[in-house]
Structures are given as structure tokens and as C-alpha cells.
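Assemble the complex: chain A is given as a structure, and chain B must be docked to it using the hints.
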Amino acid sequence: MKGMSIHMNNIIIDGIKISVPDNTTIMKAAEMAGVSIPTLCYHPDQAVKANCRVCVCEVEGDKLLQPACSHTVYDGMVVKTSSPKIIEARKTILELILANHPQDCLSCIRNENCELQSLAAEYMIRDNPFENRVRGLKKDLSTPALFRDHDKCIVCNRCVEVCSVTQTVHALGLEKRGNQALVVPSMGKELIESPCIMCGQCIHACPVGAIGEVEDIDRLLAAIADPETVVVTQIAPAVRLALGEEIGMPTGALPMEVFVAGLKHIGFDHVLHTNFTADLTIIEEGNELLGRLTNGGTLPMFTSCSPGWINFCETFYPDLLDNLSTCKSPQQMFGALVKTYWAERMGIPAEKIFSVSIMPCVAKKYECTRPEMNSSGYQDVDIVLTTREIGRLFRLSGIDFSKMAPAEFSPWMGEYSGAAVIFGATGGVMEAALRTVYEVVTKETLEDVNFTDVRGFAGIKEAEVDLKGTKVKVAIAHGLGNARKLMEQVRAGDSPYHFIEIMACPGGCVGGGGQPITKANEKRMERLDAIYIEDESMPIRKSHENEEVKAIYADFLKEPLGHRSHELLHTHYRDKGQKFL
Amino acid sequence: MAEEMHIVLRNYGKIDPLKIDDYLNAGGYDSLNKARSMDRSDLINEVKAANLRGRGGAGFNCGTKWNFAYQTEADQKYVICNADEGEPGTYKDRLVMEGDPHTLLEGMAICGYAIGATKGFIYCRGEYPQSVNTLKQAIAQAEERGLLGDFSLEVRQGAGAYVCGEETALIESIEGRRGEPRIKPPYPPISGLWGKPTIVNNVETFANIPSIVTNGAAWFSGIGTPFYPGTKVVTLTGDVVNRTFFEVPTDTTIREIIYDFGGGIRDGKKFKAVQIGGTSGAFIPEANLDTIIGFDHMVSIGACLGSGAVFVLDETRDLVDVAAKIAKFFSHESCGKCAPCREGTVRLQDLLDKINDNRGNSSDLALLNKLGRVMSYSCFCGLGQAAPIPVLTAIEHFPADYAAKLG
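Quick note, the sequences are listed as chains A and B, same order.
When you line the first sequence up against the working numbering, it's residues 1 to 581, in that order.
When you line the second sequence up against the working numbering, it's residues 1 to 407, in that order.
So that you can see chain A by itself, here it is in the shape it has in the complex (with noise of 0.2 Å):
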């Protein structure tokens, strides 16, 4: 910029030169360096705590030892990064860490994923002087979604932050002080008393393995070992490009018919996919915003895709439960059509059919067990393993996915579209929607199918698409702090949209708290690209276009918004911010 300049700092780390801008951190500077200094309570998306003190290093001239992550260089800074001394200190603060932590890393959720862990290697720390003393408290085991290991919290805070900042749910707090002191759910209550929503990005946050999913891995196990059960499957659209990266492959390379012979190696008798109640979500839904639309009903309708959402609607909004679009999740449309419509098609008794869903949430665990998600006569979806667990799956049946034949889906609910796969990035749903209203309204063929203006990371996201005259206006958040922005405005009174979609997790599914632990916005970044290539590389690409999804209303279902949908594809919310009050 002309007549700006930036005020360069010529510092010196571990005797490099290097010249850096103002307000820049010992840590920054180094990692421009080429310096690497350890760090477990930083995280790069998130406010710098400086508590762990692990990233302490050594400025000349000063008494202290000062932490990295939070100190700014000034011009002349002489740092070193490494030292005796500097080594002493790290190894000491990670033995006190480790005295008061439990020493059951073989059996630990977070085992060979763990920065603790990996900490302690890299300080080779052997003989711990400080004896191992464990507060030996009960693990939160409250939800069918998550638990709290409240021994091994470090109280780093990231899972706090980034329930309260980033999702501003407050569900988890500080609690006592000193050695007491402890990360527990809000007032000092078990997590399914608190407003947790059960997104499950505290998970991606905990350095250690304080948070982690329930695992249902031996329900699934029992399933398969049970000749009399038939076990279906349903895989969401953001697993197949995260789930790779459990396996030893880059984002998005793990081929999806290698993906599901994967899955029948294990002893899945079926294997189909959500994407094709994902296109079927998009028919329902897309008729029910006409409806709303041309009928007065209320608006702007939100999506109903991502539960964490529901229940942060249903927690913090219950006042705006109504303009909740009522169609079920695509897992719970696939749930209820599983035991119905697919097991007419298949001739298997629904009773025999053991329903699995493949997610990379661990809210949709809870969702499955909401009493209303039993509208085929029976649970609808028995059990949600997420991205990780199958992760675990796929490392314990020791497949060699290089030399792995491809396989296929099932019949009747195993095609999908391109518009179905973008589900899994945030603006996705409002993209698949938009390509579909389109032309239903305006009776024309689509030509371009990118709306790019709901594509990419930013927080909320507008676009107003011209339906031959009539302007919709829609929007797009993901990151509950980000959806609360608009909910204010809806419930203000002042929104001036007509749709918006909200996913509870930053980047959307993708982003999951039952995907591959993902520190970083940057892996989410990556995911999202995998997502679009996918989304262009498929034949088919607006959900109408199905086949399968034509051949259900044909046959099962009749019409959009129909007598049978309404008995299966549709559902209702409660009011869940009675309890906080």
C-alpha cells in the first residue's frame, strides 16, 4: 500500500537472522526460522492461552523464561528456542503434567494421537520424580453421543473455548482452583444435564483424551456375528474423504468402491448411502420452502440436517422452532425407509434388519435414540458409528486398501448426485437445494450448476437467486456462534432471508466431530476442496435427476410432502430450553 510501511524486527533465533513485522510471536517468527517449538494448550484457531508454559523459551536479557506461543518480538530480540535450561523446565512441567494424568495410555481413546503423549516421548521422559496421583473421578458417561474422562482434563481450556466461543453454547466451565481446579459441564452437572448439544468439537480441541465419542464398535460386532441380522449401512457424504485419512492416505483419495468393498470385508451384508436421502431431503424440502413461500408459511425456513444444530435450536431457540424445516436428517429419512420401503424391496423381514449408520458426527448418536426417530415400528437407526470408529474398523481388519477389489452399493438406496455429496461442506445443502428449486420453478434447465457464492469457509455466507422474477434470499452459517448471528436477526424480527442452512460444526460436516481428529480449520479447508472435486466428477449432479429417488416416488412414496412422508421423512422438535432456566 502506498505510503505504508510495515515496521520490520531484526531478531535472531537459535543464531538465525531473520527480520519480522511488529506484533509478531517468538513462535511465528521461528516457524518462519524453520524453528519448531513444542506446544500442547496452543491451538491455530483459537485465542493464545499461554497456561502450559511448555513453549517457554529463553530472550536474553530477561529473568523469566517466556512462553512463544504469546510473546512478541521486538528489534534486536536474541531468543533461543533450546537449551539446557530451557529443557529442564519443558521436561519438568510435563512430568508434573504426567504425574497428575493416568498412565493408561495403551488402553486411552487418544493412544498414538495424543500431543501429550507425543510430548512426553519427544522429552523422553522415563522415570517420572513425581509420584503418579490420580484425583480418581467418575467419567461422564451421560450421553449416548460423548463422555468427559475428567482425570485426564490437562485444563488446557480449548475445549472451553471453543464451546463457548465458537459454538457459544457454554456447556463446559472451569471449576475450583489450583490442583482442583477442572473443566466439568456447566454448574457442576453431568454433560446430558447441561446445554451441551453434543456436536462433539470439544473432542477435535482436547489435546488428550479427556473427551472422546461413546463407541458402539461391539454392537456393530455383535450385529455382524448374529446370522439371523441383516446388517445395512448407510455412509455419509463427508466420510469417504476424511476416512482416508485414519488409514495412511491423503484427503479425499480413499476410492469410494473401495471404501465399501472395505465395508463388506468386514461383514456389512449391505452397503448404501445417505446421499440418497440426502437427494431425497432436497425434494421434500425444496417443495416444503415452495410451500412456504406461495402458502405464507413461516420464514426463513432452516435446514434440519445437522442435529447438533436441532438441539441448539431446540436449547437456545425454542421460540423459532417453527421455521425448522420438518424433514428429518437424511439419516433418519434412510432409517425410516430401511425398514420400510428397502426391506419390501429386498424381501427381508425389517425386524431381522440391523440399521448402522456411518457419520462424521457424534450428535447424530443422540439422534438416533430421540423416541419420535421410530416411525418404521422400530428404532430406525440402531446404532451411528462415526468416521474414527470405522477408521479403527478398517486398521483392525488389517486391509490392504491398495489391493482392495472395488465393490458396489445395494439396490433401490444406493445412487446419488452431486448435489447429494456437497451435503458434506457448509452451503452444500443450500447449493443442492437451490439447483433443484430452480428448476421447478422455473420449468428451465439449470446451466450452471456452481452456485459459488455459498461455497467456501466464511462464517456466514449470502446469495439471492432469481427464480424467473420471484428473488429468494438466502443465507448460510456454520459454527453455531455463527448461526446465533442470524438466529438474533430472525428472532428480531429483521432477517431478510427466505431459506438458511445451518451446520453445527465449523466447515460443516467435514468438519464433524466424528471425523479424523482435526485440529485445524486448514484440514477442514482441505476437505471441503475434496468435496467439490467429488461433486464434479459425478454423472449426475441435482438430486432430482435420481433415478432411485424418481423410482421411490413412483413406487413407495407418492409425491413430495405426501401421506407416507409425512409418516417417515417428517418429524417434530421440543422445546429444550425449559430445562436451563
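Derived from the structure by calculation, the hints contain no laboratory data.
In this text the structure is predicted, and so the values were computed from the model without any measurement.
Cβ atoms here follow ideal geometry from the backbone N, Cα and C, with glycine treated the same way.
Just so you know, not all the hints are guaranteed correct.
So these bits of chain B aren't anywhere near chain A, every CB distance computed over 10 Å [what the hints assert, rightly or not]:
| no. | residue |
| --- | --- |
| 1 | N61 |
| 2 | T118 |
| 3 | G176 |
| 4 | G216 |
| 5 | E286 |
| 6 | D353 |
Rough simulated footprint, nothing fancy, chain A against chain B, three-plus residues with beta-carbon under 8 Å [what the hints assert, rightly or not]:
| no. | segment |
| --- | --- |
| 7 | 330 to 339 |
| 8 | 365 to 373 |
Relative to the frame of chain A, chain B by itself:
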């Protein structure tokens, strides 16, 4: 013999703290009127030239601090009085708040005028209901007389956390959050309460201000040691004859405080050690008693004037036992924010308890030493950095006490 000099306590015991007329008759609020007739930067320069340094423990030049807040542009600025007097053995602030509250209010109002703040808070220790009561009455009286002008004052009570004496933890507490220190910089004069420029000074610091404004910088800077001029209110506890308080010039020596003002050691016993500045202070041996209490002189012997608490120990005291009790205090008062303090204070306590119970060995002592050293330069705030000081100085100066207990 050294003599007392009363600046901070000039009205103490002479006026009825609940009668504002007593204060006015003693020349009260004349300084504020004088200050308000001055140019703001002249006023700040006067305080700076007086070289009044913070009486809370850090010893930063008060006028320089005020100038940061004055220079920072903002729609709102704040003045906070740190009255969270939590150091065991310290009660100097209470003397002012309960004996001469208007001196504090006047000092704060002068600061408010100087930096351009119209709102002040007194963050008072939770265990001081009497101080709170007196302050509230004094504020009401001053407001009723219109003496404070557009400067409004509010008393906030702490909930008993020692860490809230740390200025940023105190600010967090006023904002309604958990009392935990903030990352510095930014320092409060740039971004403090609710992100606005904020001056946080100790009660004793503010209590010096009216006299400085009245008598001028030259008068003040000529008192005591030139590096840390003025007086200091000290509170004597422990094994001394006179367990009481004094206000003395800052060039008074430790020996004078203990023997001249304190009347020496009780029951004819011999001196062993003295801890100055509060419970995180160093243990000072006999050899250093001729040091003057001025801030930099104390630092030069590895000690700190801090709050001015003087805790004297006679020859019968066991320093391991004393250090163990201090360690228990810090493990109870650590806020838990940073790992080395949260985990370290409790381990200091464990190790000291073990040695004190004759269960320790030389490797425990070595670990205690290492842990204390690491904490002193790795912890987030002054609490964790200072917590090991009594332990480490006890090991340094009184190794025999430890040796006697090691197996």
C-alpha cells in the same frame, strides 16, 4: 534512632473516618481542587518527578504509569484501587480504608482527573467487611457534598482469592469472570478493564497522592532513599516485642524496624530470619539486616519490599516447618491457570511435608530445588513465580534446618 514519618497515615487516629468534616478540617480535598486547577500533563509530571513508586509490590513509577493511560485515547478510562490486601501479615491498606478513607478517595479522584477517567472501582478484599462499609459511607458523603465532581466510585468485594491481588486477575474479577491473570502485554494502562485504559494502584500508593499534590514533587522525592522516596507503612508480626505497624522513611534499615520500632526479639531470644513483603517474600538472614527497605536495596539481597509485611522468626523456629506451611498456602491459592503453578505448588507442598515429617532424602531436596527454580521462571504470573522463593531462600540461607530432617 530512626523515626516515624506520617504521610499515608497522617490523619490516622486523628480524625473520625465517618465524619467528612473532620477530613475537610484537616485540609481534605484541597489537593483535589489544586490538581483540578492544574494542566493534566503538569499534574502527571509532578507525580512522575516525585518518583512515587507503586506500593503494591512491583515498584513501578506511578506518574509514568498514569502517563500511559493519559496518552491512550479512549471513550472511557478507569481508575481501580487494588485493596485486595491478601498477603498474610499485611494490614496497612485496612488502616487507611478504615482510618482515613477520604485520603484514598481523594487520591483516586486526582488520578481520575489526571488520566481523564470518570469512573473508579475499589476492589476490596472479601474478608474486610468493615473496610467496605467505611468506604461506602465515605463515598456517599463525598458524593453528597459534590466533592468528587464527575468522578464516580464503586466498591467491589473480592471472594477470597489471593490471586485477585494480581492486577489483571483483579480486572477479570471485576468484569465478572474467574479470577485469573491475563497475558501481558497489553498492560492495563493501555487496555485494562473492559479493554479500556485503566490505572490500577494500591491503596497506599493512592494515599500518598494528596500530600504529593499539596507539597510538591521536590518535597516528596527528598524523603527516604532517592531511588524509592517517601515512606512505607510496615506491619510487624512474628517473634517481635511490638507486633504493630509503623510508617517509616524508605531509608530505614531492616534492623531498625525490628529492633528500634519492633523492640527486638521476644522473650530474650535470638533472631533467626525475617520474611518481608508477604508470604512469598525471601527469608533474610542476620547478615543482611543492615539493608535499607527501599525497593532496589531489597532486590539487591534477593528479597522484595512488597507489601511491607515484616514477619520475624526467632532462633527456635524451624524453617522447613515454616516453608511447609507457606507451600500449603500457595497450593490452596494457585488459580490453576498455568501448569507449572497448578501442579507445581501442590508438589512443593508434598515434598516439604515429606521432608518436614522426616520422610525425605537428599533427592527430594534436589527435586524441591529444581522444581522451585523452574517455577520461578516458567509460571504465568507473579503468584507461581514467587511461590518457591521462601522455599528456595530457606534452602539457601538455612541449609542446616533441612539437613537435620533428611534421612
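Looking back at the numbered hints, which does the structure fail to meet, lowest number first?
Violated hints: none at all, because every hint is consistent with the structure.
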